[in-house]
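Residue numbers (the working numbering), protein chains in the order written: chain A, 1 to 282; chain B, 1 to 282.
Accuracy of the hints is not assured; some may be wrong.
It does not matter which identical chain is meant; a pair holds if it fits inside one copy or across any two.
As the list claims (entries may be wrong) - Straight-line distance between alpha carbons at most 30 angstroms, and here's what the computed DSSO-like set of lysine-lysine pairs gives:
hint: 1; residue 1: Lys-98; residue 2: Lys-267
hint: 2; residue 1: Lys-8; residue 2: Lys-104
hint: 3; residue 1: Lys-125; residue 2: Lys-49
hint: 4; residue 1: Lys-236; residue 2: Lys-45
hint: 5; residue 1: Lys-162; residue 2: Lys-265
hint: 6; residue 1: Lys-144; residue 2: Lys-104
hint: 7; residue 1: Lys-45; residue 2: Lys-177
hint: 8; residue 1: Lys-45; residue 2: Lys-98
hint: 9; residue 1: Lys-188; residue 2: Lys-144
hint: 10; residue 1: Lys-262; residue 2: Lys-180
Hints in this document: simulated from the structure, not taken from any laboratory.
Residue strings, one per chain:
Protein chains: 2
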Amino acid sequence: MKKFENKKIAFLGPRGTFTEEALLSAVAVKEENLVPYATVYDVIKAIDKSEVKNGIVPIENSIEGSVNATLDVLTFEANNLLIEREIIVPIRHRLIVKPGVGLKDITTVVSHPQAVAQCRKYLAKNLPGIEILAANSTADAVRKVAEANHQSAAIGTELAAKLYGLKVLKEDIEDFKDNKTRFVLLGKEPAKRTGKDKTSIVVFIYEDRPGSLLQILQEFAYRYINLTKIQSRPTKKGLGNYCFWIDMEGHVEDEVVSSAIKCLKCKFRVVKVLGSYPAAKK
Amino acid sequence: MKKFENKKIAFLGPRGTFTEEALLSAVAVKEENLVPYATVYDVIKAIDKSEVKNGIVPIENSIEGSVNATLDVLTFEANNLLIEREIIVPIRHRLIVKPGVGLKDITTVVSHPQAVAQCRKYLAKNLPGIEILAANSTADAVRKVAEANHQSAAIGTELAAKLYGLKVLKEDIEDFKDNKTRFVLLGKEPAKRTGKDKTSIVVFIYEDRPGSLLQILQEFAYRYINLTKIQSRPTKKGLGNYCFWIDMEGHVEDEVVSSAIKCLKCKFRVVKVLGSYPAAKK
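Given these sequences and hints, build the entire structure.
Have a look at this one:
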C-alpha cells in the first residue's frame, strides 16, 4: 500500500498575502494543498502537529527590518523545527479598487499599518488628507474593499486583487523601490549541504554580562565566518535582557561552523540551532 | 516685554495613547500645551519648525523590542534634534467597554494589532474565537468602541477610557507582566551632565565590509563603556545593508565617550550623535 504523503503547506494568511505570493513564486504547490493560518504561531503549530508538511512565514524586510513575531515564535515556541529554505521576493504594493473606480472617486484607503507606512509619500502626493483605515493584513484590506459600499481603495497584492475580483489601479506605489522580503520555509527535514548555504542560530546570553555580543562576534571573526544578519531580541524578562539571532554563511556540517557553535555552547547559556539551508540569490 | 515662551509638547496621538500617559506621568504639562500628532514623523517635524518646544515618542518596549518607526525617523529624518530625557513606564493593557457591558456581551475586540498580540493568551482564554478588528492606535480603538452601536471592547489605556467616558472592565490583561516601554523626550537643548547619563548614537557602516560591528564594539570594550542597547536597522538600500543604533552609559562630555565617538568617526562612514541625557531608573 502506498504511504499517504502529506503535501500540505501552511502560510501566513488569509488568501492573497505577500506570503502566499512568495510561496507560489518559488514552490510548485496545488491549490488544495495551500492552507492559510491567521498567525505565525499557528503556522508553526500546524507543522509541529503534522497537520501540514511545511510552512512559510516572512522573516525580514529590507525597509522594515526583522519580522519580530517570526523571530520570537521561532526562538521561544518552535521545537524540532528547521528552516529548510529561504525565499527572497520583491514587495510591490498595488492600489486596488473595484472595477470602474478612479483615483478621484476614492474616499478611504484601507490596509495593514505597515503597508500604509511604506506608501506614505505616494499617498501624501496623490491622495492628500485621505482617511486611512487599519486592517489586519493587506489581503484582509482587499476583502474589505470588495465588500464595502463606499468607494475605498486597498493597498495589497496582485494575487489578492485577482482573488476578490478587483482591479489594480496603480502599480508600485511603495516609497522605496528596493523593497524586498525574505521568507523562510519551515519543516522537520534538514536541508542538504549545497556548498552555498546559510545557518541560523539564536544565542541566549547570561543577564548583565557586558561584552557578550563582542565575545560572540569574535568566535566568528576568528574563523572568517561571515555573518549576514544579527538581531538582538528582548527575552521578555525586562528591558535590557537580550538574546541574539544570527545568520551566517556556511552549513552546520562545515567544520568551522560546527566548531564556532560548539564554542558558543561552552560560553553562553543556550544556543539554539534553527537549521542550515541553501542561500537564495538576493 | 516678556519673551513668549513656547511650552507646547507634541506627542504621538490621538489623545489617550500610552505616549500621552507616559508624558503626563513624568512631566507637569497643562492640558492646553498638549498637542497630538498622527505619526512620529509629524512629531519631529513639529519640533523642527518650532511649532512645539518638545515632543515625546516611544522608542523601545520590553516585549516587542525597538520601535522601528522612531529609530528610522531619528536616524534618517531628524536634524538638530536631541534626546533630552528618557521616560520608562509600565504598559498595562485594559479591556474597555461601554458602561453596563459585561464580558459575555462582547462580540468584537478592537485594538492596534500590537496590543492584540500582547494580550493573545488572555483573549484565547476569556473570549475564545472573538472577532478582532484592527485600529490605527489603542486610543483610536477606544474611540471606535465609544461610537459603536454593537457591544464591542477595546484594548487601551485608562486615560483613553476616561477621555471617552468608558469603563475599564478588566485591568492588566497583558500576557507578560514585565511589559515596559521606554519613551524619549526630544528637543533642541542639550541636557546637562548629571553623572548618571546615557548617550545615543547611530553608526553608518560602509557596505559589504565584514566585521564592522566587531570593530565598533571593540572601541567601547577597550574603554570599558557599557552598551545598554544595540540595534541594527536597514538603510533601506537592499537586504543586508545596515546602520547601528547604539545606547551607551556616559555623557558626550565624558572623555572616554568623546574619544570613542571620535575614533568611530575616523573608521566609519557617518556617526550621528543623538544626544546625552539622564538615565531613567528601570
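Give the relationship of Lys-125 and Lys-49 under a CA distance limit of 30 angstroms: within one copy only, between copies only, both, or neither. Only across copies: Lys-125 and Lys-49 sit 21 angstroms apart there, 48 angstroms inside one copy, limit 30 angstroms.
Up to 30 angstroms between alpha-carbons, please classify Lys-98 paired with Lys-267: within, between, both or neither. Close neither inside one copy (59 angstroms) nor across copies (54 angstroms); limit 30 angstroms.
Within, between, both or neither: Lys-8, Lys-104 at alpha-carbon 30 angstroms: Answer is neither; intra-copy 43 angstroms and inter-copy 37 angstroms both fail.
Could you figure out if Lys-162 and Lys-265 sit no more than 30 angstroms apart (CA to CA) within one copy, between two copies, both or neither? neither (49 angstroms within a copy, 51 angstroms between copies)
Up to 30 angstroms between alpha-carbons, please classify Lys-45 paired with Lys-98: within, between, both or neither. neither (36 angstroms within a copy, 36 angstroms between copies)
How would you classify Lys-144 and Lys-104 at a CA-CA limit of 30 angstroms: within, between, both, or neither? Both: 19 angstroms inside a copy, 27 angstroms across copies.
Tell me, please, which holds for Lys-236 and Lys-45 at an alpha-carbon limit of 30 angstroms: within, between, both or neither? within (21 angstroms within a copy, 33 angstroms between copies)
Checking an output row: Lys-262 and Lys-180, CA cutoff 30 angstroms. Within, between, both or neither? neither (33 angstroms within a copy, 35 angstroms between copies)
Homo-oligomer pair classification [Lys-177, Lys-45; C-alpha up to 30 angstroms]: between (35 angstroms within a copy, 24 angstroms between copies)
Within a copy, between copies, both or neither: which one fits Lys-188 and Lys-144 at a CA-CA cutoff of 30 angstroms? For Lys-188 and Lys-144, neither the intra-copy (36 angstroms) nor the inter-copy (44 angstroms) Cα distance is at most 30 angstroms.
Checked against the numbered hints listed earlier, the structure breaks hints 1, 2, 5, 8, 9 and 10; every other hint is satisfied.
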